[in-house]
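Enquirer: Let chain A serve as the given structure and place chain B with the ligands on it in line with the hints.
From first to last, the protein sequence lines stand for chains A and B.
UniProt numbering puts the first residue of the first sequence at 1, with every later residue one more than the last.
UniProt numbering puts the first residue of the second sequence at 1, with every later residue one more than the last.
Incorrect hints may have been included.
Any copy will do: because identical chains look the same in the list, a pair fits if it lies in one copy or spans two.
[As the list claims (entries may be wrong)] Listed below are the simulated DSBU-like cross-link pairs for lysine-lysine, each with C-alpha atoms no more than 30 angstroms apart in a straight line:
1. Lys566 with Lys440
2. Lys128 with Lys663
3. Lys538 with Lys12
4. Lys640 with Lys59
5. Lys504 with Lys472
6. Lys656 with Lys111
7. Lys449 with Lys504
8. Lys215 with Lys117
9. Lys63 with Lys74
Just so you know, the hints here were simulated from the structure itself, not pulled from any lab data.
Listed here are the chains, written in short residue letters.
Number of protein chains: 2
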Amino acid sequence: MEGVDYLADERKKAGFDVDEMKIVWAGSRHDFELTDRISKLVANDPGFSKEGRTMLPRKELFKNTLRKAAYAWKRIIELRLSQEEATMLRRYIDEPAFTDLHWGMFIPALKGQGTDKQQEKWLPLAYKMQIIGCYAQTELGHGSNVQGLETTATFDPQTDEFVIHSPTLTSSKWWPGGLGKVSTHAVVYARLITDGKDYGVNGFIVQLRSLEDHKPLPGVTVGDIGMKFGNGAYNSMDNGVLSFDHVRIPRDQMLMRVSQVTKEGKYVQSDIPRQLLYGTMVYVRQSIVSDASLAMSRAVCIATRYSAVRRQFGSQNGGQETQVIDYKTQQNRLFPLLASAYAFRFVGEWLKWLYTDVTQRLAANDFSTLPEAHACTAGLKSLTTSATADGIEECRKLCGGHGYLCSSGLPELFAVYVPACTYEGDNVVLQLQVARFLMKTISQLGTGKKPVGTISYMGRIEHLMQCRSDVKQAEDWLKPSAVLEAFEARSARMSVACAKNLSKFENQEEGFAELAADLVEAAVAHCQLIVVSKYIEKLQQNIPGKGVKQQLEVLCGIYSLFLLHKHQGDFLGTGYITSKQGSLANDQLRALYSQLRPNAISLVDAFNYTDHYLDSILGRYDGNVYPKLYEAAWKDPLNKSDIADGFHEYIRPLLKQQLRTAKL
Amino acid sequence: MEGVDYLADERKKAGFDVDEMKIVWAGSRHDFELTDRISKLVANDPGFSKEGRTMLPRKELFKNTLRKAAYAWKRIIELRLSQEEATMLRRYIDEPAFTDLHWGMFIPALKGQGTDKQQEKWLPLAYKMQIIGCYAQTELGHGSNVQGLETTATFDPQTDEFVIHSPTLTSSKWWPGGLGKVSTHAVVYARLITDGKDYGVNGFIVQLRSLEDHKPLPGVTVGDIGMKFGNGAYNSMDNGVLSFDHVRIPRDQMLMRVSQVTKEGKYVQSDIPRQLLYGTMVYVRQSIVSDASLAMSRAVCIATRYSAVRRQFGSQNGGQETQVIDYKTQQNRLFPLLASAYAFRFVGEWLKWLYTDVTQRLAANDFSTLPEAHACTAGLKSLTTSATADGIEECRKLCGGHGYLCSSGLPELFAVYVPACTYEGDNVVLQLQVARFLMKTISQLGTGKKPVGTISYMGRIEHLMQCRSDVKQAEDWLKPSAVLEAFEARSARMSVACAKNLSKFENQEEGFAELAADLVEAAVAHCQLIVVSKYIEKLQQNIPGKGVKQQLEVLCGIYSLFLLHKHQGDFLGTGYITSKQGSLANDQLRALYSQLRPNAISLVDAFNYTDHYLDSILGRYDGNVYPKLYEAAWKDPLNKSDIADGFHEYIRPLLKQQLRTAKL
Ligand SMILES: Cc1cc2nc3c(=O)[nH]c(=O)nc-3n(C[C@H](O)[C@H](O)[C@H](O)COP(=O)(O)OP(=O)(O)OC[C@H]3O[C@@H](n4cnc5c(N)ncnc54)[C@H](O)[C@@H]3O)c2cc1C
Ligand SMILES: Cc1cc2nc3c(=O)[nH]c(=O)nc-3n(C[C@H](O)[C@H](O)[C@H](O)COP(=O)(O)OP(=O)(O)OC[C@H]3O[C@@H](n4cnc5c(N)ncnc54)[C@H](O)[C@@H]3O)c2cc1C
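Extracted from the complex, chain A is given alone in its bound form (with noise of 0.2 angstroms):
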């Protein structure tokens, strides 16, 4: 069986370069090469096999996770990997671990908020993980507002230390990866509070465990909040709960870099602009849109290589059934999202020189890209997150029955994932805050203030509130001017539209708050137009390799039209195309389907995922599901024995109608 190749005949159809299309994917030969390397050799190592991660119980599960974290940190050293070829190392890991907030959110927070000597003292700590630390900001009462945290740090100048204490039920800490079980540190947000002031929410340093035996240090009640969705999926993870009874630590752990306590307890706020702090959340949002891409595209390379493999009505005279791909409801439900994993993906590289370019204006002292780059990363994290989970579900259902295994991988996916709807910002208050953007720009429209970056097109308002899709046939939106136009004049209307009815309020926060469903939409609207225009801009460029950028093209148009078809209503509404013009989109839509179909598989191929990385045994690379699956199955632990556990105690007794004497 080895060496066989299900899917050959599939790959022999791509009408383009597959090498060349995993380095675009990658992103660049470097980047290529780096996440080959890496994946491979996590791959070929046993210590990271996920054998039986669904199976195991919380605490084994956990502890094995432990183990690889120590393992791969043995193995960073040992190959003297470099800090890029680390974190590859824990991505294809692929096990959420105490690691991801040890140096996604605590070290980033103490070089974000920390200042030069804090920094000095505590990151050499951290990077030797002589210290492990976690970033402790939600509480059982506060996630998304963040200012009414409870948590209280008192500053007591007599000895110089902040008094930590949780004064109430709901301030206990409350979801922090890695705080349950291992981190010996945290950054503790609480309130800054000295000589009887309220300053609000700052960070802290605190320690929680001791470095000897590991024990919460006095006044310091820790644990873990239990079970969450799926098998294995985040169950890996001690988010964790925190209370403080009082718990004193010198005044220099107060993260100082904006504002500082003196020793004798006077509020300073320093000379370094609060806004830096938005650099951090511009970088952290950033890498959550690349990894929406990574999942999503995780997903949808299962479900393809799957719907070419499964085979459903269709035999003709005893011959083979057709592959449930070649429906045109499978290409419907399938094709959409592998268009979005490249669509996300190239979002997402786009963000990433965004955060360069926000930094190094920082730096420059300009702020004036700051809301518009804060407004683009709020919204984009929230549709492709959003997006996301919504697809890795669809890929699931588009295996049918087998999808709803653990085997095929995609619960876990799902379980794993969803998560990045809420955290780093809900994905609805996120959308909020990108209308109360796109209002203030429709509202400084007339005061000669130029709408800049990714809002720069609502700088051509009047033409686009009257313009009308100039579509006559379906191949007309094949053109990138034609689609870009439809998706700005879409944009621009519905935010006008909700200008118009808020100024109809008397009380603009009134009307703001009785609108916001209609202002969610139109906030929606502009992150697809982002999406979409940066997907245009990609295929502006040089882009080598045979065929490589007819086939974006075809996912380009897919996405969009897609898009336009789902909502329709929008574009109907706004009177910006016909219906005609609609169901031209709609032709066009099916025709570019049937262009994919033929590259489907080697376009998942492109994204390069090893079978351990998928860890899906619908989504292997050979195809070889059925006798896979079958193999399986009797790993199970009631395959151990032919017989039930319980069988004597519980099922024989009712074969033998003998309940009334059973003990149960």
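Expert: Positioned in the frame of chain A, the structure of chain B with the ligands alone reads:
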């Protein structure tokens, strides 16, 4: 703390008689009393506790389910419960178990497909649970395409036996619930071969395990197919794999109601029409629609109560923050789901009537309404299960971070519910069947064949193709006739558009395949119309109780206007409404949300669910969420000790930089 009710103020706001609403929800006073009594019986019996369900490893989880099933049977006997009561008891135990298949599929299959003689022999054994049976249709290679099943049942006239055999790996039975570890018998679907001829798929009663020691019989290979989505969820069920190596059964174990094989091996069609089998299908699907309203209402009950408890933002001068249920975005996501729960409840009730009607007609050899009943149940199964699966996940997201905890009850509810979109007919495959029926109906419109039942509106096709909405102000959308005509016109026009496009194809089958995605949209539009129209019919009945009918009208308005807004593209594109009328609908929808708001908690109270059944800390009747969340966290196995298992091996060496010497 006992006796506290954090939702008491909410409950005081209700503008209707909750007790009367409970009866409307239950269907009748009898049904209310039945469900009330049995659900409390289960809730108060520690033998049915759900404690720790999501933390159990597979084997223990499964054993515990066996225990509950046996205990339930014991109680059923002790309390002399009627069949109706026993069914309710199993529902409120709320854990998938082999008994679901025994009572829900095995026995109905015997009744539907067995001869009187076969029923006399097998039913008493099954009713007493002296044998335990399952329904073994799906195979590794074939689910949707039942006609493609590969298992063979070859008649051997020499011994008067059938030889049941699995000729290929893909012919292994795969998925049947209760098959893996419990069932002693199965109705096995296999290709009937006699006299060298293949007569297609038929059911056979096959014994799988010894009634003494439960060992699989010779030639039978049987086991569990492994872990599925979620922690507890469906993993309490032994979905099984089964293959046969020439297993012999007596001829009279072929289910012979509609066709027989004689002693001589002659295949004979009985004079009982095959259509009779559809009766069972209508029955099973109507119960799936009822279950959809059950699952949706559970999720909505949790999210609604928690949304009233949860406060975030909006505190003025240190006062209380805003309840998140007061945010219009939250209402716009939640209230349509609440309305859907009621809508699905009523359409489910109507389907029960339809089933009786179909049964009576079948008994009188009247098959005229069967195609319509078949299409309608297929479509409603698909519509309601898809909406419910999505709705549960939306409810989870509505609970923010805390919804991701198993203790919220929502992850498990989702994981256990989603396969309803796949079993008993993949939801897309079902809508394609509806679409076929629609196209057939349209093609016969000229022929004088009058469309009946849910499709009768097509009889007014000329009017429906031309009419325009006469809505002039928002309130006009409150008129049932305005809503009904809108949904009828939209559905009719979408179907007609498909039929027109189909007619452009030379080959109708090719056309159907090419336009499948549009056809599914037309089918969905038709099914939404059914739900809306049955709800409106319900409102024409006399409904007693102060304010009850009024609330139901508000919900009906929300259900239909939300759909109208969501699918605005259809209504605008087919030219039935103007975009102005679309906005008016949206304005009215917002107004309805405000009317619903004060009644929201009482409307979910009307479901009359016990805290045991909901199994959700966020959805507790008393709203006492935070202390209980905190309490529950400490029960996680990880919290058994302060120091994590694995600290010495895997964390200490990190902190102490002693990895090189660590054994990993
Ligand atoms: C897996 C996971 C890991 C996490 N890791 C960490 C971590 O490491 N560190 C940490 O500090 N935190 C962490 N969190 C917490 C996370 O940041 C919060 O859950 C998140 O910020 C959402 O806040 P919330 O839970 O309070 O939701 P809520 O704000 O309570 O949301 C509930 C509902 O209210 C709605 N809502 C709230 N405010 C408004 C408004 N103004 N207008 C309209 N609607 C509104 C929301 O849309 C939502 O539907 C984690 C959470 C999860 C699930
Ligand atoms: C939890 C659970 C319990 C079950 N219990 C039982 C049981 O007790 N007994 C039993 O016999 N079976 C059982 N099943 C099996 C179930 O009935 C099948 O999974 C179901 O019929 C779907 O078939 P499939 O898995 O072959 O999906 P497939 O048909 O393989 O579907 C895969 C994809 O192909 C698409 N597709 C298939 N055909 C077409 C077409 N003609 N046109 C367009 N698209 C198409 C589908 O839409 C889907 O996207 C169970 C399944 C589950 C998940």
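Enquirer: Now tell me, hint by hint, if it's right for this structure.
Expert: Hints, verified against the model:
{"no.": "1", "hint": "Lys566 with Lys440", "in the structure": "both (28 angstroms within a copy, 27 angstroms between copies)"}
{"no.": "2", "hint": "Lys128 with Lys663", "in the structure": "between (57 angstroms within a copy, 19 angstroms between copies)"}
{"no.": "3", "hint": "Lys538 with Lys12", "in the structure": "within (27 angstroms within a copy, 58 angstroms between copies)"}
{"no.": "4", "hint": "Lys640 with Lys59", "in the structure": "both (21 angstroms within a copy, 10 angstroms between copies)"}
{"no.": "5", "hint": "Lys504 with Lys472", "in the structure": "between (38 angstroms within a copy, 20 angstroms between copies)"}
{"no.": "6", "hint": "Lys656 with Lys111", "in the structure": "between (70 angstroms within a copy, 24 angstroms between copies)"}
{"no.": "7", "hint": "Lys449 with Lys504", "in the structure": "within (24 angstroms within a copy, 53 angstroms between copies)"}
{"no.": "8", "hint": "Lys215 with Lys117", "in the structure": "within (28 angstroms within a copy, 71 angstroms between copies)"}
{"no.": "9", "hint": "Lys63 with Lys74", "in the structure": "within (17 angstroms within a copy, 40 angstroms between copies)"}
Consistency note: the structure conflicts with none of the earlier hints.
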